[in-house]
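Required output: the full structure, derived from the provided sequences and hints.
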Amino acid sequence: MLMRLLRVISLAGVVFGADVLQLSYSDDKKNDIPLGTFEIDSTDSGNVTVTTVDLQDVQVSGSYCLNAEIEGKLNMPCFSYMKLETPLRYDLIVDVDEKDVVNQVSLSYNDKNDAIVGVVRYPEAGASAPVAKLKKKTKTYADKKASSKDGSTAQFEEDEEVKEVSWFQKNWKMLVIGLLIYNFVAGSLKKQAQTGESKKD
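Numbers -17 to -1, 1 to 184, taken from mature numbering (1 follows the signal peptide of the UniProt record, and there is no 0), label the letters of the sequence shown in order.
If you're looking for bench data, these hints aren't it; they were derived computationally from the structure. If you're wondering where the values come from, they're calculated on a predicted model, not measured in any experiment. Think of the CB as a built atom: it goes at the ideal place given N, C-alpha and C, for glycine as much as any other residue. Among the clues, some could well be false.
[As the list claims (entries may be wrong)] Label pairs and their in silico Cβ distance ranges: (1) THR35 / ASP10: 21 to 27 Å; (2) ASP11 / ASN93: 24 to 30 Å; (3) THR123 / GLY170: 32 to 38 Å; (4) LYS174 / TYR124: 35 to 41 Å; (5) LEU158 / THR123: 15 to 21 Å; (6) LYS146 / GLN87: 49 to 55 Å; (7) ASN93 / TYR124: 55 to 61 Å.
[Claimed, not checked] Calculated lysine-lysine pairs in the DSSO-like style (CA-CA distance at most 27 Å, straight line): (8) LYS128 / LYS156; (9) LYS56 / LYS13; (10) LYS128 / LYS146; (11) LYS122 / LYS156; (12) LYS120 / LYS156; (13) LYS116 / LYS127; (14) LYS146 / LYS118; (15) LYS146 / LYS116; (16) LYS153 / LYS120; (17) LYS127 / LYS146; (18) LYS82 / LYS56; (19) LYS82 / LYS120; (20) LYS13 / LYS66; (21) LYS146 / LYS122; (22) LYS119 / LYS173; (23) LYS128 / LYS153; (24) LYS127 / LYS153; (25) LYS12 / LYS66; (26) LYS156 / LYS119; (27) LYS118 / LYS128; (28) LYS95 / LYS66; (29) LYS119 / LYS95; (30) LYS127 / LYS173; (31) LYS153 / LYS118; (32) LYS156 / LYS146; (33) LYS119 / LYS146; (34) LYS153 / LYS122.
Right, dumping it as structure tokens:
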């Protein structure tokens, strides 16, 4: 009798252009036990509505697999494994896309409900990050060592000013090494000249 009623409801939904969603749960024996039937339809204003057609009087207490099906359009066996308790105080969340086509359903506990209540959730545009130009930062050895200690590995930083360094600051080591080599060479030449003069005397 129940299956005949559900079939009539499904046929009526097809005739009037509405989708009929069958919600059920699976017990330990893998039997599908109906929870309710819901009609999903678009209004003249373009909104989607979820209407409860039939709710089963079930006594449940435990964790079950939840199943949802819209014949020929959506088949979601065990879309969620969750704890169900009587009385059933849940939101049946129906996610629709831009064309108002159902692409997912979920069940969420809501203590304000007296039964399973259909809720439509529309797609929302996500936040977009502002576009900002990044400048490359030239790191010194000390900067790299400090960044490795605090776990930072970023190679680019926003609006980082590159410090201007003079030629002398960049090349002072080479100048000191050159000066030392010059003094060494000049000193050795001076010693050779002095030894050469002493030999002549």
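Right, here's what the structure says about each hint:
no., hint, result
1, THR35 / ASP10: 21 to 27 Å, "holds (23 Å)"
2, ASP11 / ASN93: 24 to 30 Å, "holds (27 Å)"
3, THR123 / GLY170: 32 to 38 Å, "holds (35 Å)"
4, LYS174 / TYR124: 35 to 41 Å, "holds (39 Å)"
5, LEU158 / THR123: 15 to 21 Å, "holds (19 Å)"
6, LYS146 / GLN87: 49 to 55 Å, "holds (54 Å)"
7, ASN93 / TYR124: 55 to 61 Å, "holds (59 Å)"
8, LYS128 / LYS156, "holds (21 Å)"
9, LYS56 / LYS13, "holds (23 Å)"
10, LYS128 / LYS146, "holds (19 Å)"
11, LYS122 / LYS156, "holds (19 Å)"
12, LYS120 / LYS156, "holds (23 Å)"
13, LYS116 / LYS127, "holds (23 Å)"
14, LYS146 / LYS118, "holds (13 Å)"
15, LYS146 / LYS116, "holds (18 Å)"
16, LYS153 / LYS120, "holds (17 Å)"
17, LYS127 / LYS146, "holds (16 Å)"
18, LYS82 / LYS56, "holds (14 Å)"
19, LYS82 / LYS120, "violated (47 Å)"
20, LYS13 / LYS66, "holds (16 Å)"
21, LYS146 / LYS122, "holds (11 Å)"
22, LYS119 / LYS173, "violated (51 Å)"
23, LYS128 / LYS153, "holds (20 Å)"
24, LYS127 / LYS153, "holds (18 Å)"
25, LYS12 / LYS66, "holds (17 Å)"
26, LYS156 / LYS119, "holds (26 Å)"
27, LYS118 / LYS128, "holds (21 Å)"
28, LYS95 / LYS66, "holds (18 Å)"
29, LYS119 / LYS95, "violated (55 Å)"
30, LYS127 / LYS173, "violated (46 Å)"
31, LYS153 / LYS118, "holds (22 Å)"
32, LYS156 / LYS146, "holds (19 Å)"
33, LYS119 / LYS146, "holds (12 Å)"
34, LYS153 / LYS122, "holds (14 Å)"
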